[in-house]
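Undergrad: Residue strings, one per chain:
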Amino acid sequence: MPRQYVPILVFAVLAMAFPAVTLVLFKYIRPDSRATGAKLKPYECGIPPEGDARGRYSVRFYIVAILFVIFDVETIFLFPWAVLFSTREEGYRLTPIYGLASMFVFLGILIIGYVWLYRKGALEWV
Amino acid sequence: MNVIMPYVLPVLFALVIVALLPLLAGYIVLVERKVMADMQVRLGPMRVGPHGLLQPIADAVKLLLKEDIIPENADRLVFWGAPLISVTAAMLALAALPIGPFFQIADLNIGLLFILGVSSLGIFGIVLGGWASNSHYSLLGALRSAAQLVSYETSAGLAIVGALLLAGTLSTRGIVQAQSATGWWFIFVAPVGFFIYLVASIAETNRAPFDMPEAESELVAGYMTEYSGFRWALYFLAEYTNMIVVASIATTLFLGGWLRPFANTPLFNFLDYLPPLLMLGVAGYCFWRAPKQPVAVQKMFMVAVGLLCIALTLALAMPLAAPAGSLLASSKAGIHGAFWFLFKVAAYIYVFMWLRFTFPRYRFDQLMRLGWQFLVPLSIVNVMGMGLGLALHRQLNWPAAPALILGIVLTLAAGAYLLATGEKHEHPRVGEEEETSVDA
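Respectively, the protein sequence lines represent chains A and B. The first sequence begins at 1 in my numbering and counts up by one. The second sequence begins at 1001 in my numbering and counts up by one.
If you're looking for bench data, these hints aren't it; they were derived computationally from the structure. It is possible that part of the hints are untrue.
[Unchecked claim] Non-contacting residues of chain B with respect to chain A, defined by C-beta distances greater than 10 Å in every case (computed): (1) TYR1007; (2) ASP1038; (3) VAL1048; (4) ASP1059; (5) ILE1069; (6) SER1133; (7) PRO1191; (8) ARG1231; (9) TYR1285; (10) GLY1306; (11) THR1313; (12) ALA1315; (13) GLY1334; (14) ARG1356; (15) LEU1412.
[To be verified] If we take Cβ atoms under 7 Å as the criterion, some of the chain B residues that face chain A in the derived model are: (16) ILE1028; (17) VAL1031; (18) GLY1081; (19) MET1091; (20) LEU1108; (21) LEU1143; (22) VAL1150; (23) LEU1170; (24) SER1171; (25) THR1225; (26) ASP1365; (27) LEU1370; (28) TRP1372; (29) GLN1373; (30) GLY1387.
[Unchecked claim] Below are the DSBU-like pairs computed for lysine-lysine, each with C-alpha atoms no more than 30 Å apart in a straight line: (31) LYS1062(B) x LYS39(A); (32) LYS1062(B) x LYS41(A); (33) LYS1066(B) x LYS41(A); (34) LYS1062(B) x LYS1332(B).
The model shown is predicted, which means the values in this text are computed figures rather than measured ones. We treat Cβ as the ideally placed atom computed from N, Cα and C, and that holds for glycine.
Can you make the complete structure from the sequences, with help from the hints?
TA: In structure tokens:
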């Protein structure tokens, strides 16, 4: 099985090397940058930049990240279930009713959590 | 020798993809500009090459030679590396996608999982780039972008689960073969899943009407604000590669991959003659227009494009003319498969452009609401509906059609309910307005 990953590894190296090599190579071809002063400042619509951007930002982004972890992990758990539910390989396929029931229980718990989140307003971007 | 042989072809495909992808992305940009111009009743790029056909080359040269600015407060290493991560992640997803039954770098048994995992690594490139720029616009753009990608990733993944239920395998080739076996593309069996994936994939590629991270009027250019020259071009390349990737996933999962329309019906075998005739038509148009170009170089380029189309016509027509059983005739599946796959990918990308020029941009809170309060529950219900339909079909021996249609109807009912409750939410009656936000 790992044999199939060799071309992918080569592809990954190529995909990484192409932009990196072009970036480095053209450094020697294009004129040197002589940017000074305001040109090197971050762009803030022409006014001198106000402080630095390492400050704090809205807590909503953290909530979205946490929600993502919950729901994406749940999606990943559904992948093997979906494959086992319909696989064509003999002996591995779940009994339809058992597969369906286990999925309904799993998603049911998730839906309860979803409704709770909804009621709490965690899904609102306010 | 036998140790190396199995690797030669896949590595060759890898080289071809890495070499052609930037060119392809450049031409998608040109096509997008042309389509936009056409929808706005103007001509679009016309100066560089005939009908602007050399514009992508000129743009590439310009971007490669542009001044390379790194802001003084930026984190230089991360600033340097972030676009590379984006490009690599976007390209790597193409490794497991079958461009025809023959052109595929690797047919992994976890194909789809690999594609999803690798392509979501691109978020790192965006967030790191925005953070490293040390600019408020970049940071906010990156955060928004990450929040948006992450929100729609969930519904896209669940929509894919719906199609997996029908295929029963994660291997991309196996998914297309499953569609070939039943003769029904999964878009007809799981239309709701396709709709969810379409919306989610637009949001995931940060395109209008969900191009929030790059909302010019709010955040300049989002996470790319401080990037210029070739680094900016790398982000652009990553974005268009991502478009190709999501279009390829949708093609493989829902639109029958490399299969011709009506592949199992001998009555429609005349469709095999469509690809060479189409290419011949384009070639004829090029030759007809070539003498009318104003400059000698443009005439030559037009003829060259015509000759390229003639070569493609020959490549597509020869397997059809060759006697059955010969090597050429057996290459038909590979060549025609690649044509149909790319044709469907192009159609999907065209729909992207069409939507972009049709719909106004969403507001960020509307975008998050659509993602979390409509698409996520709808896709969960979609998985349950598909599962229910299939279980009825398999356990109680219902015929497939009514069982699946029952699932779809239940899903649509849930969708209507979600829309109705969402509507109430979106337009609260006077006196019960919610606080409006000012941040982010």
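Undergrad: Would the hint linking LYS1066(B) and LYS41(A) be met if the CA-CA limit is 30 Å?
TA: holds, 18 Å
Undergrad: Once the closest CB in chain A is found, is it more than 10 Å from LEU1412(B)?
TA: At roughly 18 Å from the nearest Cβ of chain A, LEU1412(B) sits farther out than 10 Å, so the non-interface label holds.
Undergrad: Just to be careful: measuring from the Cβ of LEU1370(B) to every Cβ in chain A, is the smallest value less than 7 Å?
TA: violated, 10 Å
Undergrad: Quick one: work out the minimum CB distance from ILE1069(B) to chain A and report holds if it exceeds 10 Å, violated otherwise.
TA: ILE1069(B) not clear of chain A: closest Cβ-Cβ about 5 Å, inside 10 Å.
Undergrad: Minimum Cβ distance from TRP1372(B) to chain A below 7 Å?
TA: Holds, because the Cβ-Cβ distance from TRP1372(B) to chain A comes to roughly 4 Å (cut-off 7 Å).
Undergrad: Going by Cβ atoms only, is GLY1387(B) closer than 7 Å to chain A?
TA: Hint holds; GLY1387(B) Cβ to chain A Cβ min 5 Å, cut 7 Å.
Undergrad: Take a quick look at ALA1315(B) and tell me if its Cβ sits farther than 10 Å from every Cβ on chain A, holds or violated.
TA: holds, 24 Å
Undergrad: Should the hint that VAL1031(B) touches chain A count as held when the rule is a Cβ pair under 7 Å?
TA: At about 23 Å, which exceeds the 7 Å cut-off, the nearest Cβ of chain A leaves the hint on VAL1031(B) violated.
Undergrad: So is ASP1038(B) really clear of chain A, every C-beta pair being over 10 Å apart?
TA: At about 32 Å from chain A, ASP1038(B) clears the 10 Å cut-off, so the statement holds.
Undergrad: For LYS1062(B) and LYS1332(B), compute the direct alpha-carbon distance and say whether it is at most 30 Å.
TA: violated, 40 Å
Undergrad: Can we keep the ILE1028(B) interface hint, with Cβ of chain A closer than 7 Å?
TA: violated, 18 Å
Undergrad: Over 10 Å to the closest beta carbon of chain A is the bar; see if THR1313(B) clears it.
TA: At roughly 30 Å from the nearest Cβ of chain A, THR1313(B) sits farther out than 10 Å, so the non-interface label holds.
Checked against the numbered hints listed earlier, the structure breaks hints 1, 5, 6, 8, 16, 17, 18, 24, 27 and 34; every other hint is satisfied.
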